[in-house]
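Peer 1: Protein chains in written order, with our numbering: chain A, 68 to 274; chain B, 12 to 139.
Do not take every clue at face value.
Reference listing, derived: stretches of chain A covered by chain B, where coverage requires no fewer than 3 residues with Cβ under 8 Å from a Cβ of chain B [claimed, not checked]:
no., segment
1, 107-115
2, 150-156
3, 170-183
4, 219-227
5, 245-257
Calculated from the model, a selection of chain A residues having no Cβ within reach of chain B, i.e. all distances over 10 Å [as the list claims (entries may be wrong)]:
no., residue
6, 94
7, 137
8, 142
9, 189
10, 198
11, 199
12, 200
13, 214
14, 216
15, 232
16, 233
17, 236
18, 241
19, 260
20, 265
21, 268
To be clear, the hints were calculated from the coordinates, so they are not data collected in a lab. Small disclaimer: the values here were computed from a predicted structure and weren't measured. Each residue gets a CB set at the ideal place from its N, CA and C atoms; glycine is no exception.
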Amino acid sequence: MPSTSFDPRAGLPAVPRATKILIAGGFGVGKTTLVGAVSEVQPLRTEEVLTEAGVGIDNVDLVQEKSTTTVAMDFGRITINDALVLYLFGTPGQQRFLFVWDELALGALGAVVLADTRRLRDSFPSIDYFEERDIPFVVGVNCFEGAQRYRTEEVRGALALDHEVPVILCDARDRGSVKDVLIALLRHAQTVAKQRREAAGSPTIPA
Amino acid sequence: MASNFEGGHEVWADADAGPVVRPYAMTRGRTQPIGHDFDLISLVTSIGSIVSADVGLGPEHEAIVKLCWRANSVAEISAHLELPVGVVRVMLGDLLNRGLIVVHDPVSATEPTPDDIYDAVIDAIHKL
Numbered sequence: 068m069p070s071t072s073f074d075p076r077a078g079l080p081a082v083p084r085a086t087k088i089l090i091a092g093g094f095g096v097g098k099t100t101l102v103g104a105v106s107e108v109q110p111l112r113t114e115e116v117l118t119e120a121g122v123g124i125d126n127v128d129l130v131q132e133k134s135t136t137t138v139a140m141d142f143g144r145i146t147i148n149d150a151l152v153l154y155l156f157g158t159p160g161q162q163r164f165l166f167v168w169d170e171l172a173l174g175a176l177g178a179v180v181l182a183d184t185r186r187l188r189d190s191f192p193s194i195d196y197f198e199e200r201d202i203p204f205v206v207g208v209n210c211f212e213g214a215q216r217y218r219t220e221e222v223r224g225a226l227a228l229d230h231e232v233p234v235i236l237c238d239a240r241d242r243g244s245v246k247d248v249l250i251a252l253l254r255h256a257q258t259v260a261k262q263r264r265e266a267a268g269s270p271t272i273p274a
Numbered sequence: 012m013a014s015n016f017e018g019g020h021e022v023w024a025d026a027d028a029g030p031v032v033r034p035y036a037m038t039r040g041r042t043q044p045i046g047h048d049f050d051l052i053s054l055v056t057s058i059g060s061i062v063s064a065d066v067g068l069g070p071e072h073e074a075i076v077k078l079c080w081r082a083n084s085v086a087e088i089s090a091h092l093e094l095p096v097g098v099v100r101v102m103l104g105d106l107l108n109r110g111l112i113v114v115h116d117p118v119s120a121t122e123p124t125p126d127d128i129y130d131a132v133i134d135a136i137h138k139l
């Protein structure tokens, strides 16, 4: 009889498991562009139909586009090895979709908050969200053509970020640049995870 | 009834209005899967084929089985079949209950991520 439930100790054949990174930030800041720069497939789009509860918390003042009953998420895929697949999820920017984030954020390695220096305010909800939930994140400052360049310390100050949160200037269209952002996030997340294990007093178990 | 007429000019709803068929009609009104919570990145692999006599399954179920001979996440199934995630979840529950798929849940939905996962991902991104 085929087994239909997964048991991590059962030693099932080499079917990969998945992990994810969130790409957050304001509307039009380049989240899908960033995903597309590193994804092995063209970014895909999935839709979740809003529940009654989701509709109930709708705040019309925050809606920039026409009202809709579905929330769309763009995502990409990177096959790490035979055992592991990484997904990059662009999170729906509007605040009224925060309930979708709770599912997206669960178990995520971390998040990239993509910021545009002309509209830094748009990245506040994302930063607040990850800070409140202790989800490791980095800020990628997407350097749009025509936008004034700022030093990372100026951006850090404007966003009131903790000193350990990495801030990286980047170009969401450029694969090398996006790789740098993702690696900065993963190193940061790994450090945070290690600190938490030590703070919890449990010995590090080599995997 | 249906809001567009075949071959006619009277189209009431464009693509932005969403699907003409209410999505949960395909699941006969069911909005929750039975037997498993399918994470967006749970990976689904087909292990059996649908027997044509199985009246509880439709063409969408068949499309999922066909797609998942190679492991696909719930999100990918939703994207490729252009079905809302909630609908896909209900159908996956049907397939799981019939032993036609196996599901591998994400690495770290509830537990801390093992340290070697970070190393593996960093390595792979370096090599992109």
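Peer 1: Run every hint past the structure and note whether it holds.
Peer 2: Quick rundown of the hints versus the structure:
Check result for the segment 107-115 of chain A against chain B: holds, 5 residues qualifying (beta carbon to beta carbon below 8 Å, three or more required). Check result for the segment 150-156 of chain A against chain B: holds, 5 residues qualifying (beta carbon to beta carbon below 8 Å, three or more required). Against chain B, the segment 170-183 of chain A contributes 5 residues with a C-beta closer than 8 Å to a partner C-beta. That satisfies the three-residue criterion, and the hint holds. For the segment 219-227 of chain A, the stated coverage by chain B is violated: 0 residues have a C-beta nearer than 8 Å to a C-beta of that chain, whereas at least 3 were required.
For a cut-off of 8 Å, the count of residues in the segment 245-257 of chain A with a CB near a CB of chain B stands at 7, and the three-residue condition holds. For residue 94/A, the non-interface assignment is confirmed: its Cβ lies about 17 Å from the closest Cβ of chain B, beyond the 10 Å cut-off. Non-interface status of residue 137/A relative to chain B is broken: a Cβ of that chain comes within 10 Å, the nearest being about 6 Å off. For residue 142/A, the shortest C-beta to C-beta distance to chain B comes to about 6 Å, within the 10 Å cut-off, and the non-interface label is violated.
With a cut of 10 Å on Cβ distances, residue 189/A stays outside the contact zone with chain B, its closest approach being about 23 Å. In this structure residue 198/A is separated from chain B by more than 10 Å, as the shortest Cβ-Cβ distance comes to about 19 Å. Every CB of chain B is more than 10 Å from the CB of residue 199/A (nearest about 19 Å), matching its label as outside the interface. No beta-carbon of chain B is positioned within 10 Å of the beta-carbon of residue 200/A; the least distance is around 14 Å.
The beta carbon of residue 214/A sits about 26 Å from the closest Cβ of chain B, which is more than 10 Å, so the claim that it is off the interface holds. Look at residue 216/A: its CB is around 26 Å from the nearest CB on chain B, clear of 10 Å, so calling it non-interface holds up. With a minimum CB-CB distance of about 17 Å to chain B, residue 232/A clears the 10 Å threshold, and the non-interface call stands. Residue 233/A, annotated as away from the interface, keeps every beta carbon of chain B farther than 10 Å; the closest lies near 14 Å.
With a least CB separation of 18 Å from chain B, residue 236/A remains clear of the 10 Å interface cut-off, as annotated. Against the 10 Å criterion, residue 241/A stays outside the reach of chain B, whose nearest CB is about 12 Å from its own CB. For residue 260/A, the shortest C-beta to C-beta distance to chain B comes to about 6 Å, within the 10 Å cut-off, and the non-interface label is violated. The claim that residue 265/A is not at the interface with chain B holds, since no C-beta of that chain comes within 10 Å of its own (minimum 12 Å).
Its beta-carbon lying about 14 Å from the closest one in chain B, residue 268/A satisfies the requirement of being farther than 10 Å from that chain.
Consistency with the previously given hints fails for numbers 4, 7, 8 and 19, ordered from lowest to highest.
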